[in-house]
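*Asks:* Chain by chain, the residues run as shown.
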Amino acid sequence: MTDLTKLTLKGALDGLKAKQISSTELTEAFIGAIETANPALNAYVLTTFDKARGMAAESDKRIASGDARALEGAPLGIKDLFCTKDVRTTACSGILDNFIPPYESTVTQNLWDDGAVMLGKLNMDEFAMGSSNETSHWGPVTNPWKSNASNAALTPGGSSGGSASAVAADLCLAATASDTGGSIRQPAAFTGTVGIKPTYGRASRFGMVAFASSLDQAGPITKTVEDAAIMLQSMCSYDTKDSTSLKVDLPDFSSFVGKSVKGLRIGIPDEYRLDGIPAEIDALWEQGIAWLKDAGAEIVRISLPNTKYALPCYYIVAPAEASSNLARYDGMRFGHRTEAATGLTDTYELSRSEGFGKEVKRRIMIGTYVLSAGFYDAYYVKALKVRRRIAEDFTNAFNSCDVILTPATPSSAFELGDTAKAADPVAMYLNDVFTVTTNLAGLPGLSVPAGLDSKGLPLGLQVIGKALDEGTTLAIASVLEKAAGFTHKPSKWW
Amino acid sequence: MAIDVATVRKVASLSRLRESDERLESLAGELNGILGWIEQLNEVDVSGVQPMTSCIEMTQPLRDDVVSDGDKVADVVKNAPKTVDGFFIVPKVVE
Chain F
1 MTDLTKLTLK GALDGLKAKQ ISSTELTEAF IGAIETANPA LNAYVLTTFD KARGMAAESD
61 KRIASGDARA LEGAPLGIKD LFCTKDVRTT ACSGILDNFI PPYESTVTQN LWDDGAVMLG
121 KLNMDEFAMG SSNETSHWGP VTNPWKSNAS NAALTPGGSS GGSASAVAAD LCLAATASDT
181 GGSIRQPAAF TGTVGIKPTY GRASRFGMVA FASSLDQAGP ITKTVEDAAI MLQSMCSYDT
241 KDSTSLKVDL PDFSSFVGKS VKGLRIGIPD EYRLDGIPAE IDALWEQGIA WLKDAGAEIV
301 RISLPNTKYA LPCYYIVAPA EASSNLARYD GMRFGHRTEA ATGLTDTYEL SRSEGFGKEV
361 KRRIMIGTYV LSAGFYDAYY VKALKVRRRI AEDFTNAFNS CDVILTPATP SSAFELGDTA
421 KAADPVAMYL NDVFTVTTNL AGLPGLSVPA GLDSKGLPLG LQVIGKALDE GTTLAIASVL
481 EKAAGFTHKP SKWW
Chain S
1 MAIDVATVRK VASLSRLRES DERLESLAGE LNGILGWIEQ LNEVDVSGVQ PMTSCIEMTQ
61 PLRDDVVSDG DKVADVVKNA PKTVDGFFIV PKVVE
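Read top to bottom, the protein sequences are chains F and S. Per the numbering used here, residue 1 is the first one in the first sequence, and the count goes up by one each step. Per the numbering used here, residue 1 is the first one in the second sequence, and the count goes up by one each step.
No lab work stands behind these hints: they were computed from the structure. Where a beta carbon is used, it is the ideal one built from N, C-alpha and C, also for glycine. Treat the hints with care, as some may be off.
To be verified - Listed next, the in silico DSS-like pairs over lysine-lysine satisfying Cα-Cα at most 27 Å (straight line):
#1 Lys72/S x Lys85/F
#2 Lys146/F x Lys455/F
#3 Lys61/F x Lys10/F
#4 Lys85/F x Lys10/S
#5 Lys51/F x Lys72/S
#6 Lys51/F x Lys78/S
Unchecked claim - Cβ-to-Cβ under 8 Å is the rule here; a few derived chain S residues that face chain F:
#7 Ala12
#8 Trp37
#9 Leu41
Generate the whole structure from the sequences, applying the supplied hints.
*Replies:* Next up, the structure:
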């Protein structure tokens, strides 16, 4: 029998529908794969195999009675940021290490309503703050990919490192993820997978542990562009429980996959040609441009003049919102409470200091500082004004193009325990240099694997669409996917 | 504007975080590095620009003023570190 875990989501759904495979068989195949791989990769922080078996049996019944839903019987992994009813959800923070939500996030509820099967909860950076999955309370995730020059363990990226690693290593058909500054697209690029962050407001934030509410957006990490369209269809919805949820129609995302891009105008921003970026990244970008030209698209030079200010702007806005959102962890109503104090302030301070990790504390303090009296206007309000400039850059650029093509990341996956990046927070933050702009502007962004570098590691290209135009974004990505013919998989060492 | 250890201590206190003196020292360096890098925003001309608080233009939706959920005391206190009879037990607030 062929290895069922190698199937794409689309392939598995077709096989289930045609009754060539059962959800139970498929689920057991993934359980076996996780049991073998997880001690090495640490992608899952919690497995829910009994629940998965129950859901698979229910799906098999539904399929047998001709009552199958859109994702019927498909085993998925869920980023630990999404609250799952009665299943531990920690956002990979020590402060939530025993939190059992009494409710379900809207995104995951949508998946279960469509018949998906939950294999477990996926590792991530603590509260999604990180670019290497090393800030997780449960330890880092290892990338299934290895450099051909060294045996060193590599990061799968972050914050959705567990999601990316699990999809790349065939430990689920697809995974949920979330993206505040690049947390879907950077891990996707580092693992040879596809990741899309939809337009802000497409997917509900209800039940998704908050990091920076004006930037956070859920999306999938998948094996193919078509799978991304299928996941997105189910994950997105209008939700009255999220006041920034958009009441807009959902197009049939799959119908854009494979659609002609002839005549579409592809914007190439001059400002994304950065000094010090490896030549391979630029070469891949040029290759992407050539592929789209071959497909009949028109290439247009555009300018996004405020690009270089996006990261510093983000590192005011995101920590400011985080410091406010994370004020709720006070040790009183849920989460960790210290045993070492009796007074109120002592209890607050020690509970938080014991529960939060180093990077989270650093960001809370930056946020508190930029919001504090005397600095609010100089930092926070200033950043909000720069944010509008960055958003306006895109509005202006989209007058002359339909989508924008850029590299996804400034490098391929780097080693876990990279001491230079650990010592310099700003060096780590630069991972998001190409991705963070779309969070600030609220636009859809997708990373598609497009080639390997000289170390044999995957590299991604990023497609940025107009607001609510995930469709064209997917169409462009599917042309790139086809042209790249990216069929590489990491060799199994675990 | 460089941050000294006293300022970091004040920010930690405002953040309800307690850090060792040694860690406060190193945080002063880290925060100075990050804020120094952020200073480049001063190069951007933002005269006349309105602050952007949301990336979607929409009016705040209002729901009907009706009770739609509730009676979930057990759920609400389920994850609390200390409870009794559906109440949270907290440290003494008023001396």
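*Asks:* Please go over all the hints and tell whether each is borne out by the structure.
*Replies:* Hint by hint, here is what the structure shows:
1. Lys72/S x Lys85/F: 14 Å, holds
2. Lys146/F x Lys455/F: At roughly 8 Å apart (the allowed maximum being 27 Å), Lys455/F and Lys146/F satisfy the hint.
3. Lys61/F x Lys10/F: 20 Å, holds
4. Lys85/F x Lys10/S: Violated, at about 39 Å.
5. Lys51/F x Lys72/S: 24 Å, holds
6. Lys51/F x Lys78/S: 21 Å, holds
7. Ala12: This interface hint holds because 6 Å falls under the 8 Å limit.
8. Trp37: 5 Å, holds
9. Leu41: 5 Å, holds
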